[in-house]
Amino acid sequence: MTRKYLHKIKKGGIRINHLKILGSLKFLQNSGINTLSISNCPNLSFDLISDTIKKLEIYKCPAQISQIQNLVQLQELQLSHTKLQNISGLKCLTNITVLDLFNNRIQDISVLRFLNCITDLTLSYNLIRNLNPLYNKHTLRHLQLSCNRITDITVLSSLCNLEEIELQYNKIVHVLALANLKHLKQLDISDNHISRKNMLPLQLNPKFNQLTDDKFHTQITRQQLPHQSEILSAHKQRNIYITTLFRTGVQKKQNKIKNKFSKVQALIQTRIQDTVHAQIAMTSQVISSFSLW
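So for the sequence shown, this note's numbering puts the first residue at 10; every next one is plus one.
Rather than coming from a laboratory, the hints here were simulated on the basis of the structure.
Heads up, a few of these hints could be off.
Here are the simulated distance ranges between beta carbons [said to hold, decoys possible]:
(1) Gln94 x Thr163: 24 to 34 Å
(2) Asn189 x His151: 31 to 41 Å
(3) Arg114 x Thr44: 20 to 30 Å
Quantities reported herein were computed from a predicted structural model and do not represent experimental measurements.
All residues carry an ideal CB built from backbone N, CA and C; glycine is no exception.
Based on the sequences and whatever the hints tell you, model everything.
If you want it as structure tokens, here you go:
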């Protein structure tokens with residue numbers, strides 16, 4: 010792309026895909042372009058990117074945070090599938106509100122202590138164990154931590170404004186830290202090590218939730234839920250108790266239901282047959298009595 014074509018793009022964004030050689034992007038400096046998306050460019054040089062960019066998306070390109078740490082105006086940053094390990098250079102990017110580091114090799118997230126504007130954070134598919142740097146991140150609304158090595162989520166109890174959390178495919182055992190998150194609307198804790206007996210009282214607003222076995226791999230007992238009409242008309246938050254299950258546990262439950270259904274079906278068929286036989290016998294008796302008469 011050259012300068013003469015920039016007048017056709019009015020303060021929008023540029024998307025660059027599958028270029029083996031990507032030259033200087035400094036010409037974007039005064040172009041009004043504030044969004045840049047680059048994917049599958051193996052020879053990308055980050056030091057050539059304009060420092061006026063506010064939204065940067067890098068997908069499947071070799072990258073190091075040190076190469077973009079001078080882009081201090083960045084508000085949204087996506088670095089996914091880039092094999093990132095060290096993200097300490099993010100310390101300077103204090104204006105970031107949306108950070109997506111999906112599918113990398115990150116273990117240490119200590120730098121997040123310095124980023125106090127983040128509302129949306131995606132760290133799924135990494136190697137993270139320790140969540141302590143997230144302590145008291147009250148700005149966080151959306152948090153994705155699936156497919157890591159997390160065992161302890163105690164620190165999440167301090168994230169009082171969280172609305173959505175994805176924690177599936179970790180090694181979590183206890184989830185009571187989530188009990189007092191009063192703004193929580195969506196939660197996925199499937200495929201962890203949570204025992205069936207671990208009852209979790211969640212402060213969820215039922216008006217905005219559809220809690221199903223398929224989504225959460227959970228069992229909700231009818232006795233612990235208000236009537237459906239009450240849920241739909243509720244204006245106050247209610248405690249909804251969820252019993253978390255292993256996937257295998259759900260499968261066993263489904264098998265039990267199928268077995269019970271089969272037994273009921275067989276019983277119904279037997280009773281129908283008995284009824285038919287009885288009616289045939291009665292009809293035969295009536296016919297016999299008429300014959301004798």
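Index of numbered hints that the structure contradicts, given in increasing order: 2
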